[in-house]
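Undergrad: For reference, the chains in residue letters:
There are 2 protein chains.
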Amino acid sequence: MASHDCIVAYEPATCEFPIQNLPYGVFSTASATSPRVGVAIGDKVLDLAALAAKGLFNGPLLADCATDLFNQPSLNAFMATKPEVWAEARARITELLTAGAGALDEATQAEVLVDMADITSHMPVNVPEYIDFYSSRTHATNVGTLIRGAENALQPNWTAMPIGYHVASTSLTVSPAKIVRPWVQTTSPTDPTAFSFKPEPALDFELEMGAFVGGPANAQGVPLRINEAHERLFGLCLFNDWSARAGQKASYVPLGPSIIGKSFISTISPWIVPFAALEPFAVAAEVLDKPLAPHLRDDNHIVYNVDLSVDIITPGSNGEELPITRSNLTYLTWTHAQQLTNLASTGAPILPGTLLATGTISGPNREQNGCMLEISKLGKDPLVLPTGEERKYIADGDVVVMRGVARGDGYQIGFGETRDVVEAALPPSFWGIEE
Amino acid sequence: MASHDCIVAYEPATCEFPIQNLPYGVFSTASATSPRVGVAIGDKVLDLAALAAKGLFNGPLLADCATDLFNQPSLNAFMATKPEVWAEARARITELLTAGAGALDEATQAEVLVDMADITSHMPVNVPEYIDFYSSRTHATNVGTLIRGAENALQPNWTAMPIGYHVASTSLTVSPAKIVRPWVQTTSPTDPTAFSFKPEPALDFELEMGAFVGGPANAQGVPLRINEAHERLFGLCLFNDWSARAGQKASYVPLGPSIIGKSFISTISPWIVPFAALEPFAVAAEVLDKPLAPHLRDDNHIVYNVDLSVDIITPGSNGEELPITRSNLTYLTWTHAQQLTNLASTGAPILPGTLLATGTISGPNREQNGCMLEISKLGKDPLVLPTGEERKYIADGDVVVMRGVARGDGYQIGFGETRDVVEAALPPSFWGIEE
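Heads up: the protein sequence lines correspond to chains A and B, in order.
For the record, in the first sequence the residue sitting at position 340 is 340 according to UniProt numbering, with numbers rising by one throughout.
For the record, in the second sequence the residue sitting at position 165 is 165 according to UniProt numbering, with numbers rising by one throughout.
Just chain A, with the same shape it has in the complex (with noise of 0.2 Å):
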């Protein structure tokens, strides 16, 4: 399809929110300041709310639903209705953005369709649950040699299962956000038994997205069955986890690095690209060399081709971006439904609005290495910027850029960015400390 067949005209070349596209986000207005579903279109935001009060989602499954799925401050409730329903809505929505007969008229455009330069993005979904996993067989095996050596890089269970850990969902926020740099204990190199407070030495991203789960909730004690968890998948989004190396280091024996290593802050782009907008960039997965346990088993094993970047503004830098990392998400080596599977393996209810984070998307190069743990190794071997600045880790100051695009026919889809940038710890005052 053509840009000229959108009555919002964009670029194709360059525009992230084509008409193929239409993610959903959740947005307010200085003139409307309720935060609403919306979709991104162009260099617009179609107001969902404003045409469900005109009546405009006519099909059978919106018509009488459609003000209580979009006037609402979180996507959960759209999300926990069925895919039909996300098929309606997603048609529907293509309908009348398409130029013809049965598009928009110029007058409810003018109503409905919303500059984007003029909105406040709001964290779009109420998260009830919110898992970090491993899935990269690359960063797993970068990050396992690093620690283990090569010969032990993986560990039996990684290849049994998607392994993952809970973290505090409190602790997402919609980007651009302020990372303040967090106060942390950390381990003396010589003795890991003295520990000392301090602010995090190593403060992190990590490269990567995030599959959100819609759908009913399962019954407690009622498991999903893969070709179930496919049918939960509603939308991705981009994902920086951000991480406190060194608090994460001296915490995370034996109970894993959530609470102190992960939960202090976390973001994502505010727009959520559905799986529908997806499926032209499906490719097979990666299959393990090892016998899949039956649950786990799929027919339908695929994971998206998603081109993945991380890029810095250094204090150094005069405001130009420096590119540092190059992904894309086929590294994925678990799919998000068998993420979604192994969590409802054991009969955990999961609710709409479950967020599934990736892990860490990396490639076996450098420049492919999703977070700078593994691209410094360690914080061994700085790298070393065009500015010449070097980094270990990342410093107060520098603004992290992460983007994806799915690259299409004569179009691209996109999901924004994370745009965060680093602040200073508190002072050891705020402790009652004295400098």
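Just to be clear, a hint being listed does not mean it is correct.
Note that identical chains are pooled: a pair holds if it fits in a single copy or bridges any two copies.
Cut-off 30 Å, straight-line C-alpha distance, at most; resulting in silico cross-link-like pairs (DSBU-like, lysine-lysine) [claimed, not checked]:
no.: 1; residue 1: Lys290; residue 2: Lys377
no.: 2; residue 1: Lys54; residue 2: Lys82
no.: 3; residue 1: Lys178; residue 2: Lys82
no.: 4; residue 1: Lys249; residue 2: Lys392
no.: 5; residue 1: Lys290; residue 2: Lys198
Derived from the structure by calculation, the hints contain no laboratory data.
This structure is a prediction, so every number in the text was calculated from the model and none was measured.
With chain A held as given, fit chain B onto it using these hints.
TA: Showing chain B alone in chain A's frame:
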């Protein structure tokens, strides 16, 4: 205060809910099906929503908002206020229940007191974040000794900070509950790289308590100091952290036990006892033989003297409860305030309703151990019950009952109980596996 000082008659020697207790819960009845906030008193429940509707919360902080706080399906709104509001509510409820000029008149009593036998208890809190700590030194030592030997029982970080991990708050439910034995991947005892998918062979309870956090959330990036953490502590419940030991063992390295071992279900008692009711039972908490990091030092280093018990009803016990464990909350080393301070030390925002589970609370002797993993020494030394039945872990059909009691001068404080029954796993056919 003697029983006859309360307008509800009870036997002080045995009643869990005397006027000194006044625990909060959420309940409904067959004739009034909307869940709302109540307080247990004797064998009655005081309907706080009904009190509010009658304007009986007439103090300066509650007069204008009591209905908004108590005519709610959860305690979150009330918890989100401040300790001054909690104190005003508790003082007013005490006044209304104390025989004398300020007491509820008989006509009003008939409207606002409900027989406890007639209520349905609901999950009393919408929990935004649930952390399972590991804060009983005796328990951590017992488990560490079983796994690594007595010399290395406690890992270095255990004495530096209250370690813990996030678990899915969506898995929390109010007791009584059915515990469906989960399917998990387990490792072979002879080959740690060989996994098989089966019903969990080592289903376990964990005797814990849970501290609920109230008060307004701290801003992202602004930690809580320990005196501020004390101000946020709302109340305590009993907590059974049901655990899938074989699944946990196979999945927990290196990211922790949460998604397979812990997140299928955990249960809490229906009543949350305010810390104000526990003040008479405060005792000095254990002091570790090691200097603390500055943020964890506490001039008010207290824990509460609460006797804790686990009993089991087996298919062979003819309904009789068989004692398994007798422990006490004073085996908690890292206190609730230290747990909360550590959790928030990175600047993580802590929302009202957050649940801090203590981790298993064990004494040193077998009959004081808070889970079967300790009691049976990793399943190697079965417990022989008075019925002649043996238990390494919990069997299908077993009912596990937990209780807590703080013993005062002429009265006692209880929490209700958790009483959960274990059901058989789903059949292999659920997964399409041939038997």
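Undergrad: Are there hints from earlier that the structure breaks, and if so, what are their numbers?
TA: none
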